[in-house]
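Asker: Position chain B against the provided structure of chain A, taking the given hints into account.
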Amino acid sequence: MSQCDSPDLKQRLAPILQKHGRDPTKVLQILREIQDTAHCICGQSIDLIAEHLDLPRVRVAGVAGFYSFLAGGQACGEYRVLFSDNITDHMLGKAELMDYFSKKLWLEPGKVSEDGLVSVDSTSCTGMCDQGPAALVNGMPLTNLDENCLDLICELIRSRKPVSDWPPMLFEVQDNILRKDVLLGEAFEPGAALKATLARGPRETWAEVDKSNLRGRGGAGFKTASKWSFCHAAIAEEEGHVVCDIGDRAERIMVCNADEGEPGTFKDRVLLNSYADLVFEGMTVGARVVGARRGFLYLRGEYAYMLGKLEGVLQQRREKGLLGKNILGEQGFDFDIEIHLGAGAYICGEESALIESLEGKRGRPRNRPPFPVTHGYLGHPTVVDNVETFACAAKIALHGGEWFAAMGTGQSAGTKILSISGDCERRGIYEYPFGTTIRQILQDCGAEDPYAVQVSGPSGTTISWKEFDRMIAFEDLATAGAFMIFKRGRDLFQMARNFSHFFAHESCGFCTPCRVGTTLMQRIMDKIDGGHGTASDLEEMKNLGQLLKTMSHCGLGTSAANPVLDTLNKFPDVYEQKLKALAFEPAFDLDGALATARRITGRDDKEAHLGAES
Amino acid sequence: MSNTITIDGQTIPFQEGQTIMDAALAAGVYIPHLCHNPEFTPHGSCKLCTVTVNGRNVASCTMPAVEGQQIANNTDELNAKRRALTQMLFVEGNHFCPFCEKSGNCNLQAVAYHLDMMSPHYNHFYPAREVDASHPDILLDRNRCILCELCVRASRDVDGKEVFGLSGRGIDCKLVVNSSSGDLVDTDLAATDKAASVCPTGAIIVKRHGFSVPIGQRIFDHKDISQVQLEAAQKERGHE
Chain A
1 MSQCDSPDLK QRLAPILQKH GRDPTKVLQI LREIQDTAHC ICGQSIDLIA
51 EHLDLPRVRV AGVAGFYSFL AGGQACGEYR VLFSDNITDH MLGKAELMDY
101 FSKKLWLEPG KVSEDGLVSV DSTSCTGMCD QGPAALVNGM PLTNLDENCL
151 DLICELIRSR KPVSDWPPML FEVQDNILRK DVLLGEAFEP GAALKATLAR
201 GPRETWAEVD KSNLRGRGGA GFKTASKWSF CHAAIAEEEG HVVCDIGDRA
251 ERIMVCNADE GEPGTFKDRV LLNSYADLVF EGMTVGARVV GARRGFLYLR
301 GEYAYMLGKL EGVLQQRREK GLLGKNILGE QGFDFDIEIH LGAGAYICGE
351 ESALIESLEG KRGRPRNRPP FPVTHGYLGH PTVVDNVETF ACAAKIALHG
401 GEWFAAMGTG QSAGTKILSI SGDCERRGIY EYPFGTTIRQ ILQDCGAEDP
451 YAVQVSGPSG TTISWKEFDR MIAFEDLATA GAFMIFKRGR DLFQMARNFS
501 HFFAHESCGF CTPCRVGTTL MQRIMDKIDG GHGTASDLEE MKNLGQLLKT
551 MSHCGLGTSA ANPVLDTLNK FPDVYEQKLK ALAFEPAFDL DGALATARRI
601 TGRDDKEAHL GAES
Chain B
615 MSNTITIDGQ TIPFQEGQTI MDAALAAGVY IPHLCHNPEF TPHGSCKLCT
665 VTVNGRNVAS CTMPAVEGQQ IANNTDELNA KRRALTQMLF VEGNHFCPFC
715 EKSGNCNLQA VAYHLDMMSP HYNHFYPARE VDASHPDILL DRNRCILCEL
765 CVRASRDVDG KEVFGLSGRG IDCKLVVNSS SGDLVDTDLA ATDKAASVCP
815 TGAIIVKRHG FSVPIGQRIF DHKDISQVQL EAAQKERGHE
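So the protein lines, in turn, are chains A and B.
Sequential numbering of the first sequence, starting at 1, is according to our numbering.
Sequential numbering of the second sequence, starting at 615, is according to our numbering.
Take the hints with a grain of salt, since some may be wrong.
Below are the DSSO-like pairs computed for lysine-lysine, each with C-alpha atoms no more than 27 Å apart in a straight line [as the list claims (entries may be wrong)]:
#, chain 1, residue 1, chain 2, residue 2
1, A, K549, B, K788
2, A, K549, A, K527
3, B, K775, A, K361
Worth flagging that the hints you see were computed from the coordinates, not collected in a lab.
Predicted model, so just to flag it, every value in this text is computed and none were measured.
Same shape as in the complex, but just chain A (with noise of 0.2 Å):
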């Protein structure tokens, strides 16, 4: 039985509303911890957080049915097993582990056990490639999966064990970091960055970041002191920049894009767990520069097993003075961090997404003009930076714009962290200077006889052996971190059909070309896949991609064909040779819909099959 429908609901949930208040911007957060308390979300629970906020219903049963982690209104198991779905996990038996755990406790995946206590599921990528299988069970981070584990955690299943007294060593996240440079090599202590800024001032601090050209690493590469100058309309004028209007809003925000969803990307969770110093240092030497005092992390839900601990570095940085009012005694220096919890949405990666989910609200990209640094969270002008942006940040405040530019390449000063998974024996952290060829960092974590590369994620680029010598920087292939090796034998085809399901599963759903057109191509995929394919089809998904590309409303849908038409046009073989020898193939899959009777009667024989054997 779901615990939402027992009659003391009201009061079970009482203390999470009062919790947060009667703010509206809430909604997100406390959908949240009423689906971790009662794991679903019915509808007496959206009435009494609507009349809680004084929102109209609706609104809240439309953030509901948003995130992937609050299963629209579907009950999931006491226990929730979401078994994470990127390509990395499947090369590592992440199939066939899933299915040997839902036999085990005869679960169909997607479905709750009778009694109610398991579910088990697929999730986008959940950010441990380099420690996969992995798998979330009730947020808690399961890595390295094999049978031996998943017996035990059947037991523990089964024998009703509370997830907090499991083992520890089941939740164990190694941070694997194996090449360290600048940004990870050096101690770096806690309050050193703020103390220079201080002593060079806020107007000095930013031509040094300014000098510095640093550019975001969440991949577009948009100057970062350009987006604090465009929020601080006092820079922006004295640099001759357009100065927007920024309204009567003069209240400004910080935001750390800590929604690391791009999945082959882990490297901004393990800034967080070993690093958060430096880049909370980042985001207060940001608001100092362009005044902000208040600040966000947006955590993807996905890395909310670390909330405790990051919490407890903000604390800390309070009580050293570092955070909070009149911080390092600088009077008027006031500044204070809060983190915001994703829900399962890739989209909110997506800067004006984010900004919405803040705000409690659907994350769906913004009409822009206007952009977030003039008009972001509720109105105020809004930095929104990657975590690894922060981080860099806080070494130039500390040690000068000129150090940082010296590094790298021209148009890509500094260092980049990548995340490596994939085909290669020593899968971890690396931290680059631009400009060091793909060869290079191939050859560094042991990648044997490797074939392809998807460097940036699905949303990024697929290069072929025949590109090793390209390099990772801007002005060659820019990336937010991911670096998804595949080696000779590796069904390239498959990657692609993985990722065009994960944008069809991401895919916000507000613009027509992106939520029909990301169903689409996976639906063609898939009719490959299943041996159906023909030359048209192929034809059909370079228009499909082109009209992504060029009629999307956000990057998700500009990216989503990327995959498909690099494979496409890099290695056309891996499709060919999955092709019926026809011009055409009707979509509809006659032996397909014949499954259901097969199933009910329990046949399988040759009999029972339309043409299959041809």
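Answerer: Below, chain B alone, put in the same frame as chain A:
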């Protein structure tokens, strides 16, 4: 001359604060659109109104007009993409024009004709979508919904009720209503509300009026949608 933009070689004036769509409609230039309705805050979701501004594609209903913009609109390339988007809208829902009450008054159907859409091209999804006939005066047929959120905007911004909203994500997005039961009858929607009459397709229709205007005498039976919408914009300007 200042405050002008150029659409397909034609120079047209704009006023500060206008979008490209606003300026175009005022100047008698038609840009195909579905989720846009000049009476409401621009939304920018259907993407039919995408134009190319200085080489970049943007939704003309949300993009502010800026001095000197060189805009491509009525080109074969853009119209082909608009046709593809319209086809996508047809196949993701269940649109059966021959027996739909809205046929002839439907913007989706009319845009499809305007763009010479001769077939759905893509495979139909045949989604299972709910029909809500609970309300005594209004029918909600989600099979025909194109997620333009005009009803959402009308109910929130004009009626002050917020009867409609979207839930779900991606291809599972769906229109939901503001009641615990999930039924339209339990909301405060009235047949006289703007939200009850704003739907560009037949997803929300007032009951018992489905065929009060016979087929053959309907809005788009004798006029192309471009003509109808430009005339409406002209009339609106006359009122100002």
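Asker: Next step is simple, just say for each hint if it's right about the structure.
Answerer: A quick look at each hint next to the structure:
no.: 1; hint: K549/A to K788/B; verdict: holds, 25 Å
no.: 2; hint: K549/A to K527/A; verdict: holds, 22 Å
no.: 3; hint: K775/B to K361/A; verdict: holds, 18 Å
When the structure is compared with the earlier hints, no violation turns up for any of them.
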